[in-house]
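A.B. asks: Listed below are the residues making up each chain.
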Amino acid sequence: MNTYLPKLKTYAGLLVLFLALVLPLKSIKAQRLGHGVSRGGGHTMSRGGGHTMSRPSSRPKATRTMPTRSTPSRSINGGHTKNKSRNFSKPTTKTPSRTANKKVSTNRNNSKVTNRKGSNNAPKLNTRNKKTSNIKTKNNNRVGNKTHIGNNNVNINVNNSRHNNIRNTRVRSSSVRYTRPPYRYGGHRYYCHRPYYYHPYRPFYWGPVWHPWGYFVTSLATTAIIVSIVNDDDDEDEYHYDNGTYYLKTEDGFVAVQAPVGAEVPSIPKEAEEVTVNETTNNYYYGGAFYEKNAEGYVVVPATAGTIVPGLPEGGEEVKVGEVTYVQFGDTYYQPIQVDGKNMYEIVEVKAE
Amino acid sequence: MKKLFFALAVFTFPFLVQAQEKQIDSTAIFILDKMSDVIGDLASVSFTLNSSVDKLNADSNIEKHYKHSEVTMVGPDKFVSRTQGDQGNHAFWYNGEFMTYYSFDENNYVTLEAPDNIITMIDSMYTRFDFRFPAADFFYPSFTDDIMEAFDNIQYNGQKTVDGESCFYIIATNPDTNVQIWVSNTMNMLPKRMVIIQKNKENLQYEAHFTKWELNPEVPNSIFEFTPPPGAKLISILEK
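Quick note, the sequences are listed as chains A and B, same order. Each residue of the first sequence is one higher than the one before, starting from 1 at the first, in my numbering. Each residue of the second sequence is one higher than the one before, starting from 1 at the first, in my numbering.
These are computed hints drawn from the structure, not numbers from a lab. Among the clues, some could well be false.
[To be verified] Cross-link-like lysine to any residue pairs, in silico, SDA-like; alpha carbons within 20 Å at most:
(1) B/Lys22 - B/Asn153
(2) B/Lys233 - A/Val319
(3) B/Lys67 - A/Gly322
(4) B/Lys55 - A/Pro195
(5) B/Lys233 - A/Pro203
(6) B/Lys240 - A/Tyr185
(7) A/Lys351 - A/Tyr185
(8) A/Lys130 - B/Ala232
(9) B/Lys22 - A/Asn87
(10) B/Lys64 - A/Pro195
(11) A/Lys249 - A/Ala224
Quantities reported herein were computed from a predicted structural model and do not represent experimental measurements.
All chains should be built: construct the whole structure from the sequences, respecting the hints.
C.D. replies: This is the structure we're talking about:
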């Protein structure tokens, strides 16, 4: 056993070496071409890095001298940098050879984009207090504006975390096959049945009895009922339901929140609209919540991808996702679309690549 | 153990041979270097770019989309561009502190803190948010080195006439991509046209055509400042 272990390590080492030699390193694409050298991703010949350009190994090394050209201090790109050797054994064209070896390789330390003078690895102070966009990531961590000092007006969105529970914004997959190719961005595919048609997000108003998320009341009507929901931590959350609006109790009163998935209520407002989920299933849509009808009443269900809704409640956030702008509620993305000339939204199905 | 070395050698040999087949034409590199030298020496520049890009539609047919962009840069930290095309109208403003993308069609915009020089800003915005700036490739400081690194074969293919102007014609290829660059045969040796063909993806093409080069123009700083139009909405953005 002891004799096999060193052999095993040797084989493993050789295998790693083999893979490193054989598998090509994909250069990162920047803009339309890869810029491995500019971005510091590639090795350079001038450093003796074993590059694979064709040239006889017996050729003597060229003398490396610093360039005589001087770059203006305010150059648009900091000046042209050349790290790779320009020593060519013989030109493969009709060009006279005197042009071939004229260039000498330079070895500027500031050649990498990320190492250039003034490169911006450290966050800057927002001395001008300018409003900037929230930067969202796929796991919903908001990283925008964290570097600001005196951050008193930079956050453009109300913090809806309390009212916009991720658990209640998860999306069920569509059972209808998508015929349109997905929109790809950041390692995710965004599927929709209908084409993107932008219209500005304007929260829909469901009438005087409906209250948007975050709305505060000191007391509820006697018609309000209590709905208990088991949350992700196996604790029971107690919601108060009245006329299509759900409330959570606070110290001073009640605050309107998003409908909790799983809540069962005896009735929903008559303004609720029937929306098609698939050929056999319809949901009822009211106040941003989806309901399924059963014998006892209505159950709040997760949104289903592909469902088309006529309006969205307050609490959403317009988010630029590559070339398109979606409205986001927690984990749910709504694509603006147009149906028979009317502005509507389709729930997007998001899948990792 | 000897057998293992032999097996490794047999497997590795074809790849090493393939790597050694890289063909770099010194004339092509000379021309690209000269072009990059001129660009690197510019303190300010403006130009117009007409471009087309192929995309696959829902039926997997190739659609060609056209864009017209006007670009102005002042080194080291000012950039503005406006693009109009059949896939939307938008503009970028960069003043050394903030970068703003504004959509004329949607009347919304994204403003982000940005690095303090043009190239780092362009690279950072592409890497993080997929923003593509018109003809940005040519302004990378190690453009020639980047081409040498990414392509196996770079050849100078003589002079061709583009819009009545004599140009040096360079072709760079690797197994996935074919890039063709026309560089003006003038004192300034500026890029005239570029074509990128994705050989591994239905031969989709991107073509860019430069006109109206202005070298070291006097440009007022105020054009790099973004002022939101009436009703324009600041929106969030999803990082890649």
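A.B. asks: Against each hint, give a clear statement of whether it holds in the structure.
C.D. replies: Right, here's what the structure says about each hint:
For the hint pairing lysine 22 of chain B with asparagine 153 of chain B, the CA-to-CA distance comes to about 6 Å; that is within 20 Å, so the pair holds. At most 20 Å may separate the alpha-carbon atoms for a hinted pair to count; lysine 233 of chain B and valine 319 of chain A meet this at roughly 11 Å. Taken as a hint, the lysine 67 of chain B and glycine 322 of chain A pair is honoured in the structure, with Cα atoms around 18 Å apart against an allowance of 20 Å. Proximity of lysine 55 of chain B to proline 195 of chain A is assessed by CA-CA distance (about 15 Å); at most 20 Å being required, the pair is judged to hold.
At most 20 Å may separate the alpha-carbon atoms for a hinted pair to count; lysine 233 of chain B and proline 203 of chain A meet this at roughly 14 Å. Annotation: proposed proximity of lysine 240 of chain B to tyrosine 185 of chain A holds, straight-line Cα distance about 7 Å (limit 20 Å). Proposed proximity of lysine 351 of chain A and tyrosine 185 of chain A is supported: the alpha carbons are some 11 Å apart, at most 20 Å. For the given pair, lysine 130 of chain A sits about 15 Å from alanine 232 of chain B by alpha-carbon distance, which is consistent with the 20 Å threshold.
Note on lysine 22 of chain B and asparagine 87 of chain A: the hinted pairing holds, with a Cα-Cα distance of about 14 Å set against a maximum of 20 Å. For the proposed pair lysine 64 of chain B and proline 195 of chain A, the alpha carbon gap of about 18 Å is at most 20 Å, so the pair holds. A threshold of 20 Å between alpha carbons decides the hint, and for lysine 249 of chain A with alanine 224 of chain A the separation of about 12 Å falls inside it, so the pair holds.
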